[in-house]
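Chain by chain, the residues run as shown.
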Amino acid sequence: MLGNNIFGIHEQALTVHVQRAQILAHNLANTSTPDYQPKDINFKLALAQAQDGLLAPSLMTTHPQHVGGMGCNDSMHALLETRVSSQPHVGGNTVDSHVEYAAYAENTLRYLANITFMNHRLQALNTVLSGGR
Amino acid sequence: MSDGLMRLFDISGSAMRAQALRLNTIASNIANANQVSSTKSSSFQALKTLFEARYDENGVCNGVQVTDIVRANQAPIPEFQPQHPLADKDGYIYRTPVNIIEELTESMSASRALEVNAYLIESGKKMIERMLQLGH
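Protein sequence lines, in the order shown, are assigned to chains P and G.
Per numbering that gives the first Met the number 0, the first sequence starts with residue 0, numbered consecutively.
Per numbering that gives the first Met the number 0, the second sequence starts with residue 0, numbered consecutively.
Next comes chain P alone, as it looks inside the complex (with noise of 0.2 Å):
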């Protein structure tokens, strides 16, 4: 039960789902940018590589026990795939913002469900050290 990785998917379910909501976050802020074209993570494939030990941290590391941290990093431009716009637009800026707007929401909910898994794991080892208590 404590292994190295007591949160099993769910730690690197989050940095895909931190990664997401930047991608997501920069769509929206690129609405009215001439020629902008919308990207999303492939979530399916960015998962994998994440388990994989692939999507390095990008924080700087500097000493063998430093911690990296989540963003979206080199690694992460292969992952991004263009969305297609449902509808033609004018002036090239494919963004639909509603789209953006529902994918961030349903990102956003899936990473607290992330972090109430994680909580629940949390709350089961509490329980098992302090004897059942």
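If you are wondering where the hints come from, they were derived from the structure by calculation, not from laboratory data.
Just so it is clear, CB atoms sit at the ideal spot from N, CA and C, and this is done for glycine as well.
It is possible that part of the hints are untrue.
Calculated pairs, DSS-like style, for lysine-lysine (alpha carbon to alpha carbon, straight line, at most 30 Å) [as the list claims (entries may be wrong)]:
1. P:Lys38 x G:Lys47
2. P:Lys43 x G:Lys39
3. P:Lys38 x G:Lys124
4. G:Lys88 x G:Lys39
Partial list, derived from the structure: chain G residues whose beta carbon lies under 10 Å from chain P [as the list claims (entries may be wrong)]:
5. Gly3
6. Ser13
7. Met15
8. Ala17
9. Lys39
10. Ser41
11. Leu49
12. Ile76
13. Phe79
14. Pro81
15. Pro96
16. Met126
17. Gln132
18. Leu133
19. Gly134
Listed below are several chain G residues computed to face chain P (Cβ distance under 8 Å; list not exhaustive) [said to hold, decoys possible]:
20. Ala14
21. Ala19
22. Leu20
23. Phe50
24. Val63
25. Tyr91
26. Met107
27. Leu113
28. Val115
29. Ser122
30. Ile127
31. Arg129
32. Met130
Put chain G on the given structure of chain P with help from the hints.
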């Protein structure tokens, strides 16, 4: 440069800054919409903000920036009003070519974008809050 959830504030903050600047130029355009001048060249020209997606030194998405504010080069509208104090020797005054309807719709779009980004900051705050309460 901050990373992770904190970058959300950078991204949405940059968008709010850009949209606020756009709103300011629109307000200035509307305020000057009824300006009249006696020559073509001195006529007021609408200001337009140019946006560009912003990336940091590693090519990571980082919001939006205003690259320039340019004058829309539209021809002033001549109007024959010989009795007008600003009329030139042929009796013409020149009205600004600002399109009020265009400016108003753009101001609606800008204020909606401001609202959306304010919401994104609010929800980013919530995400960090929940993260900090992990284990409590």
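Consistency of the hints with the structure:
1. With a C-alpha separation of about 26 Å, the suggested pairing of lysine 38 (chain P) with lysine 47 (chain G) holds against the 30 Å cut-off.
2. With a CA separation close to 60 Å, the supplied pair lysine 43 (chain P) and lysine 39 (chain G) exceeds the 30 Å bound.
3. Restraint check: the Cα-Cα separation between lysine 38 (chain P) and lysine 124 (chain G) comes to about 23 Å, which is no more than 30 Å; the hinted pair holds.
4. A hinted pair counts as satisfied when its Cα atoms are at most 30 Å apart, and lysine 88 (chain G) with lysine 39 (chain G) qualifies at roughly 13 Å.
5. The beta carbon of glycine 3 (chain G) is positioned within 10 Å of a beta carbon in chain P (closest approach about 4 Å), and the interface hint is therefore held.
6. The interface hint given for serine 13 (chain G) holds, since its Cβ lies 6 Å from the closest Cβ of chain P, which is under the 10 Å cut-off.
7. Checking methionine 15 (chain G) against chain P: minimum C-beta separation of about 9 Å stays under 10 Å; hint holds.
8. Checking alanine 17 (chain G) against chain P: minimum C-beta separation of about 8 Å stays under 10 Å; hint holds.
9. Hint on lysine 39 (chain G) is violated. Least Cβ distance to chain P is approximately 29 Å, over the 10 Å limit.
10. Hint status for serine 41 (chain G) relative to chain P: violated, with the closest Cβ pair at about 30 Å, above 10 Å.
11. Checking leucine 49 (chain G) against chain P: minimum C-beta separation of about 8 Å stays under 10 Å; hint holds.
12. With its C-beta approaching chain P no nearer than about 25 Å, isoleucine 76 (chain G) sits outside the 10 Å limit, and its interface hint is violated.
13. Hint status for phenylalanine 79 (chain G) relative to chain P: violated, with the closest Cβ pair at about 36 Å, above 10 Å.
14. Interface restraint check for proline 81 (chain G): the shortest CB-CB distance to chain P comes to about 42 Å, outside 10 Å, so the restraint is violated.
15. Contact between proline 96 (chain G) and chain P, as hinted, is not supported at the beta carbon level, the nearest pair being about 20 Å apart and thus beyond 10 Å.
16. Look at methionine 126 (chain G): its Cβ gets to within about 6 Å of chain P, closer than 10 Å, so that hint holds up.
17. Interface restraint check for glutamine 132 (chain G): the shortest CB-CB distance to chain P comes to about 8 Å, inside 10 Å, so the restraint holds.
18. Given hint, leucine 133 (chain G) at the interface with chain P, holds; its Cβ is 6 Å from that chain's nearest Cβ, closer than 10 Å.
19. Restraint check, glycine 134 (chain G) versus chain P: the minimum CB separation of about 5 Å is within 10 Å; hint holds.
20. Because the closest C-beta pair between alanine 14 (chain G) and chain P is about 3 Å apart, less than 8 Å, the hint holds.
21. For the restraint placing alanine 19 (chain G) at the interface with chain P, the shortest Cβ-Cβ distance is roughly 13 Å, beyond the 8 Å limit, so the hint is violated.
22. The criterion of a C-beta within 8 Å of any C-beta in chain P is not met by leucine 20 (chain G), whose closest approach is roughly 11 Å, and the hint is violated.
23. With its C-beta approaching chain P no nearer than about 4 Å, phenylalanine 50 (chain G) sits inside the 8 Å limit, and its interface hint holds.
24. Using the Cβ-Cβ criterion of 8 Å, the hint placing valine 63 (chain G) at the interface with chain P is satisfied: the shortest such distance is roughly 5 Å.
25. Hint status for tyrosine 91 (chain G): violated, given a least beta-carbon distance of 35 Å to chain P, over 8 Å.
26. A distance limit of 8 Å between C-beta atoms decides the matter here; for methionine 107 (chain G) the minimum to chain P is near 12 Å, and the interface restraint is violated.
27. Because the beta carbon of leucine 113 (chain G) sits about 11 Å from the nearest beta carbon in chain P, more than 8 Å, this interface hint is broken.
28. Look at valine 115 (chain G): its Cβ gets to within about 6 Å of chain P, closer than 8 Å, so that hint holds up.
29. The restraint placing serine 122 (chain G) at the interface with chain P holds, with a minimum CB-CB distance near 5 Å, inside the 8 Å limit.
30. Here the hint on isoleucine 127 (chain G) is broken, as its CB sits about 10 Å from the closest CB of chain P, past 8 Å.
31. Contact between arginine 129 (chain G) and chain P, as hinted, is supported at the beta carbon level, the nearest pair being about 5 Å apart and thus within 8 Å.
32. Look at methionine 130 (chain G): its Cβ gets to within about 7 Å of chain P, closer than 8 Å, so that hint holds up.
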